[in-house]
Structures are given as structure tokens and as C-alpha cells.
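**Q** If you read the sequences in order, they're chains B and H.
With the numbering used here applied, the first sequence corresponds to residues 1 to 229, in that order.
With the numbering used here applied, the second sequence corresponds to residues 1001 to 1305, in that order.
The set of hints was computed from the structure by calculation and includes no laboratory data.
In this text, all values refer to a predicted model and were calculated from it rather than measured experimentally.
Mixed in with the good hints there might be a few duds.
No more than 30 Å apart at the CA atoms, straight line, and that leaves these computed lysine-lysine pairs for DSS-like [stated by the list, open to error]:
#1 B:K172 / H:K1113
#2 B:K33 / H:K1136
#3 B:K176 / H:K1237
#4 B:K179 / H:K1013
#5 H:K1069 / H:K1113
#6 H:K1193 / B:K176
#7 H:K1113 / H:K1058
#8 H:K1012 / H:K1079
Residue strings, one per chain:
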Amino acid sequence: MSEFIINAEHQPPREVNRTIKKAATKNDKITIKNPNAMHYLAAGLIDPIELIIEGSAGYFAGTMIHGAKIHIKENAGWFPADNMTEGEVIIDGSAGDGVGQGIYGGTVVVKRDVGSRTGEIMKNGTIIVGGNSGFMSGLFMMGGRIIVLGDISDDAGESIIRGAIYVKGNIKSLGKNAKIEKLTIQDENELKELLPSYGFNLEEHDYNSFKKIVPRFNRPFYGKDSEEG
Amino acid sequence: MCGIAGVVFKDKKLHPVGDNLTNMLDALQHRGPDSAGYAIYGGLGLEENEYLLNIEVKEKQGLLESVKKTVNIATPIKKEEIIPSVENYIIYRCKIELNTFSKLKPLIMDIDKIKDVMVLNGAHSFEMIKDIGLVKDIASRYDTQSKMGTHGIGHTRFSTESLVDRYHAHPFQSYIIPDITVVHNGQITNYWKIRDPLERKGHIFETNNDTECIVHYIADKLSKGYGLEEALEQSVKDMDGPFSYIVGTPDGVGIAKDQLGLRPGVMAENNEVFAIASEEVSLREVMDTHDIDQISPGETRAYTI
């Protein structure tokens, strides 16, 4: 296994990303030192490598990646893993708005709190939030699953069309076209398999606390309950 | 897209706030290249009733003398300084004394009547620096790195609606009560709904810039006995549009964010420092912390010393 180290200090994002992409063709693991909350890190990376960011990342960390496993050791700004198609983005700290915006696949894990509009227009994939998730989480969600171990704020699942949001804490309010239903045995088994694999070791009784937010209708028409009215 | 930043040193002692804000704003330079500005509080050391005027004057024969004459008619100039700027302008700074704060705005309006002259601000407890260009260039031009203070706010501007010039650079100041400043990222979409009642009260608007509207709104609320946090909370209810803005007062700073959370705002604090900014990269210039708080939609935060 070969490893490559990049010192991002005093380098612009474009230069760092060029170096990542070049090194990704010849190495299995890349470590970025001194990222200093830089924007766009690893944007468009399509090689299935392991990328360690030793610090915080700025906006759009890991946007449009396909297959890479990115581990951010501190925080991330807005839109980490935006439009990812495959891969994994793990953030040890907190993250800003739009975590996993529009993802088509892969897994995003944030160990602490995140901002607003988590998983907006996501089509598939999984987002796990260890803390709280903010306003309009799951906005226009079209598939996949969001798992929130803390509380979820106002208008959860606003205009959700497909997919599910699992919330262990409190739901402040639901958005339009969202409803709460009970978890199935299959849902619970999936959570029990998934969460410990990312270091979230819940007690058996914790799984009873989860609520599941799903769409009321698959094709909502505004002002009516459904296309058929 | 603009960058905003604010910092407070909790011990109330003088710190290199100019240098801190320069580094915070430089880290946000990518958010706006048009102009930048600072309001650095606590380091001016003026006596009671003394004020510092910053006046933009075109380099034209006899014009500076006209400015000095107008000021001297109102009150003797106690100290003066000329700072070279760009595009054939200089910044004329002078220290004056007035009997009451209420005389300051009329004097400023008198000076503004002179063609090719604009008073950028007049203040007692803070130093305003704002100009067109990049943060580092402005910092060098005004020697901001040497400016000491207890707290301050700053801005780097990406102009959207109004002009790119020194006057429209942030911070904006209100004269409803002394020494209130605002830096802002976003748009106030119900601008006229906010402005009209303020104008009917007699508050004077110099521009159509929505940041000027915010600073008058906040100063009006503070003048009516609202606390800083109360004024910020009320503004979130009253104002529409995407915004996050930071207020500077002689006692502290505060941030407010719109109810949909469409503009960024993060904060961090430790035992010594309270800091807020558009992005984490800016906070890291003043503190070594791993704990960053996202300001939530509709949320306000403030710290007063």
C-alpha cells in the first residue's frame, strides 16, 4: 500500500486538487496536512482511494466524488459530499448546511451537529448525523435515508417525495408532505447493523426511540393531497 | 456573497484587533474582492465629546481647504492626518470637539454639500476604516495591523445592488445613537417596508443600500431601550430575505441570521475570545478551536463586555 502526503498550506484549492488527482492514480492513500478549512477539497475525485484530511475542510468537501473514502478529522463547511455518486465521507466534528446535498449513493457520516437542509434533493445513499440536524432536513428528498441520532429541527422532510428520515431525538415539526410512521423490524435491523459500523454503539432500548419520517404521498400536488386530489 | 467577521476580547483590555480582523477578513477574501472595511472599538482614546471624522476628498486644487474651512466654522480642528487612497482621492482625518452628539450629523451633512467630498463616518469610540480594493492592500494603506481595540467587526464585499465605492463599503454607521455599525452579507427584500417607518421618524438615509437600512433599524431599537440581543431577535422577525449581519456597538458585537438560514454564519468562543464569521477559516485566525457552532436559521448571538 502506497501513501502520499500533501501539505496544503499556502496552496490554492485548484492546485491541491490537481495534486490529489495525480497522486490518486499511483497511491492507495493520500493525507492532506494543513487543510485550514479550504473549500472544494477532493472535488470530482473518481479514484477509489482513502483520503485523510488532517483538520477542517471548507465548502463542498468531496463534491461529486465516485468511490473515494474521505475522512475529515475536524469540521466541514457547507455541502460536504454534494452530489457524491459512490464512496464515503466521514466527518469527526460538525458540519454546515446541506450535508450530502443531492447524493446519488455512498455514505456520509457526521459525528456531531450539522446545519440546515441536510440531504436536500438526495436521490439515494445514506447520511448519518451523530448530533442534531437543522431546519428543513430532507428538503425535497427523493430517495435514500437520513439517520439523526439527536434532534431534528423545524419542517423535517419538507416536500419529501421518497426515502426515509430516522430520528432518535425530538422532531420539532414536520414539513409539507411528511408524516411519521413506526419503524419496521427490517428498518430496526438495518440500523442495528449500520450504526455500530461507524462507531455509534447504542443500547438496545435506544432503538425503540427512533421515529421514521416518510412521504405522505409520492406525487404531491400543491393545494391537494395528491395528483388525484 | 460577502464575508463578515467580528471579534471580542472578553478581558476588556486592548488587543491587536486591527491585525486580527485583517487576518480574519483576508481568509474570507474569496467571498468578495470589491471593498473591505473595519470598525475597531475601544482603542481611539478620545476625550469626552471628541470625535474623529473620516472624509473622502478628491485631489483637486483648494478642495481640502474648503473642507477644513467648513469644519472650522463649526468647531476648531484639533488634530489632522491625510491618508493617500486610490482613484485620485485622499482620506482626510480630523479630530474635533462638539458640545453634544446631536451636532455631529448636521456637521457631516454640511461637509457632504461640498462637491467631490463625502464624510465616510464620524465616531467617538471606534475607528472606521473602509476603502475599495483587497483586504491586504487596504490594511497596508491604513496600517490596520497597528490598531488596538477591545473588539471589532469587518467586511469584505462582493457588490450586488449598489455602487462600488468607499461610502458603500461596509461597515455602515447610524447616527441615531452614537457608534453603531453593521456589516452584512445578503439582501433585505422588504427594504422599503423597513425603511419607510424609520424615515417617518426622521431618520436620514444617505443611500439605497439595505445595510444602511439595517444599521438605522438596530440603532432605532437600541435608542428605545432594546438590548442588543433583543434588537437582533426583533430584526429577524421584521426583515425578509437572505441575510446574516453583524452589529458593532461600544460594548460588544452580535450576529443575526435570516429565518431560512440562507447566508452562512459560524461562531466559536473560549475563555478569552468570542468570534463570529462567515466561515470557519476566518475563526481559525483568532483562536485554536475544534468546536465551531453553526448559527441556525433565525438565530442570533451576541457578546457584550
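**Q** Quick one, are B:K172 and H:K1113 close enough, alpha carbons at most 30 Å?
**A** Measuring from Cα to Cα gives roughly 55 Å; hence the hint is violated.
**Q** Hint check: B:K179 vs H:K1013, CA-CA at most 30 Å. Holds or violated?
**A** 54 Å, violated
**Q** Would you mind confirming whether the straight-line C-alpha gap from H:K1193 to B:K176 stays at or under 30 Å?
**A** 29 Å, holds
**Q** For H:K1069 and H:K1113, compute the direct alpha-carbon distance and say whether it is at most 30 Å.
**A** Status holds; Cα separation ~13 Å.
**Q** Taking 30 Å as the top limit, are the C-alpha atoms of B:K33 and H:K1136 close enough?
**A** Satisfied, since the Cα-Cα distance of roughly 25 Å is no more than 30 Å.
**Q** Given the hint that H:K1012 pairs with H:K1079, test it: the Cα-Cα distance must not exceed 30 Å.
**A** 27 Å, holds
**Q** Please verify whether B:K176 and H:K1237 have alpha carbons no more than 30 Å apart.
**A** Distance ~22 Å between B:K176 and H:K1237 Cα, so the pair holds.
**Q** With the threshold set at 30 Å, check whether the alpha-carbon distance from H:K1113 to H:K1058 stays at or below it.
**A** Cα-Cα ~14 Å, so holds.
In summary, the structure is inconsistent with hints 1 and 4 from the numbered list given earlier, while agreeing with the others.
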